[in-house]
Amino acid sequence: MSTVRVLVGTRKGAFILTADGKRERWDVSGPHFGGWEMYHLKGSPVDPNRIYASQSSSWFGQIIQRSNDGGKTWEAVGNKFAYEGAVGTHLWYDGTPRSWEFTRVWHLEPSLTDPDTVYAGIQDAAIYRSSDGGQTWQELPGLRQHKSAPVWQPGAGGMCLHTIVLDKSHPDRIFVAISAAGVFRSDDAGRTWQPMNRGLRSEQIADPTAEVGHCVHRIAMHPSRPNVLFMQKHWDVMRSDDAGESWKDVGGNLPTDFGFPIDVHAHEPETIYVVPIKSDSEHYLPDGKLRVYRSRTGGHEWEALTKGLPQSHCYVNVLRDAMAVDTLDPCGVYFGTSGGQVYVSPNSGDSWAPIVRDLPSVVSVEVQTLP
Amino acid sequence: MIRVVLPAHLRTLARVDGEVKLEIAGQVTQRVVLDALEAAYPALRGTIRDHATQQRRAFVRFFACAEDLSNESPDAPLPDPVATGAEPLLVVGAMAGG
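Keeping their order, the protein sequence lines are chains A and B. For the first sequence, the numbering used here gives the first residue as 36, with consecutive numbering after it. For the second sequence, the numbering used here gives the first residue as 108, with consecutive numbering after it.
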């Protein structure tokens, strides 16, 4: 029987949750790297025992950890993220120019074909690639040197490149999302980049339909439909049917279209999940109810999924990297909360159960489906 | 023999127990000690000093002989008791909450 391994990053360490394909009885390992902020852990799709992890702290900066045995043991690899060439400036919160400065790695995206190749999205926004298993990192500077970069501004969480989406059917194509610049796409393996924000509307910027400046929180793709992208923006849930060239609002009947994560069912490319959050200033659930919303129509029409989730006095948040799906049948859906709960639905969202209830605040959740 | 005491998180990262002992020839300064420390334990690179600027990270402190040496020049000689190994150089995580 297949097994699943859930990689959980929290504000104070990493946890690894494992179960068989029924996804009912769980083994919990951790904390790994206790006391450190674990922004993201993700395994290689071609070698699931190869896992990369971003470990950081205000005291001691950034560490990248690598496991070659599915998270049993780890080794620190390269942590030097040097900007390539002239550093340049972006805009600071007060509108003044500010030099790019490395803060942390938000997201690690292993290659779809090579376990030694992995991409890193960092704050201040840039993308790096390692082709030696994380020992050394080289920036793909065309993104940071895009002509629009001098007017990029940070979102409240910093100017982070938090989403990297690779496309197996177009090996040289990479999507990234930056708060608060928007979506960019490269079709030449990261050498050059184009903004992909047409159709987005953000009332929080002076020109609501500007080419850049949108606070995109997360984008997701189903591998069988590489031209279809789904987006949770600061406000608005959006969809593109042309690989990001244009976007349309598919928020439909959601109670609020603010939120962070969005993900796609493993076997139904028109089934998507979001967790609506009350507002950008409140950052908690509406009405004290933890509700995942599912659309089986690629947006517009949404249903609340509540079975097994708290429906009173619940005021947690679910962050952008804290939702994932496994590839079992039925598809499992997972998410983690700012209150330290990690929930699983082994039936595509129909019902939920907590795997753990009292971890540190959850930053990221990834899942590996193992044979 | 120079003795260095690391904070717990960096001992874990470097996979050491207790004090670190370093053999250093010539003048003993912060920079020389940290260079030797990072050479012996590469995982510590970037955790005490910034990779690019080589400046002390903001929430790291250097203490020795009950003195705060954090803002001394990295090329200033460390106190004699540190240079002789009588006293350790303490690398300390600042009281910064979090």
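Hints listed in this document are in silico derivations from the structure and should not be mistaken for laboratory results. Mixed in with the good hints, there may be bad ones.
Derived DMTMM-like pairs (lysine to aspartate or glutamate); straight-line CA-CA distance at most 20 Å [what the hints assert, rightly or not]:
1) A:115 - B:142
2) A:182 - A:238
3) A:115 - B:182
4) A:115 - B:157
5) A:182 - A:223
6) A:182 - A:242
7) A:313 - A:238
8) A:313 - A:338
9) A:203 - A:322
Computed footprint of chain A on chain B; a stretch qualifies when at least three of its residues, placed anywhere within it, have a C-beta under 8 Å from a C-beta of chain A [claimed, not checked]:
10) 114-121
11) 148-156
12) 189-203
From the structure, some residues in chain B lie toward chain A, with a derived Cβ separation under 10 Å [said to hold, decoys possible]:
13) 139
14) 164
15) 166
Predicted model, so just to flag it, every value in this text is computed and none were measured. We put the beta carbon where it would ideally sit given N, CA and C, even for glycine.
Taking the hints in turn, this is what the structure says about them:
no.	hint	result
1	A:115 - B:142	16 Å, holds
2	A:182 - A:238	23 Å, violated
3	A:115 - B:182	24 Å, violated
4	A:115 - B:157	9 Å, holds
5	A:182 - A:223	17 Å, holds
6	A:182 - A:242	18 Å, holds
7	A:313 - A:238	17 Å, holds
8	A:313 - A:338	17 Å, holds
9	A:203 - A:322	40 Å, violated
10	114-121	holds (count 4)
11	148-156	holds (count 5)
12	189-203	holds (count 3)
13	139	21 Å, violated
14	164	6 Å, holds
15	166	4 Å, holds
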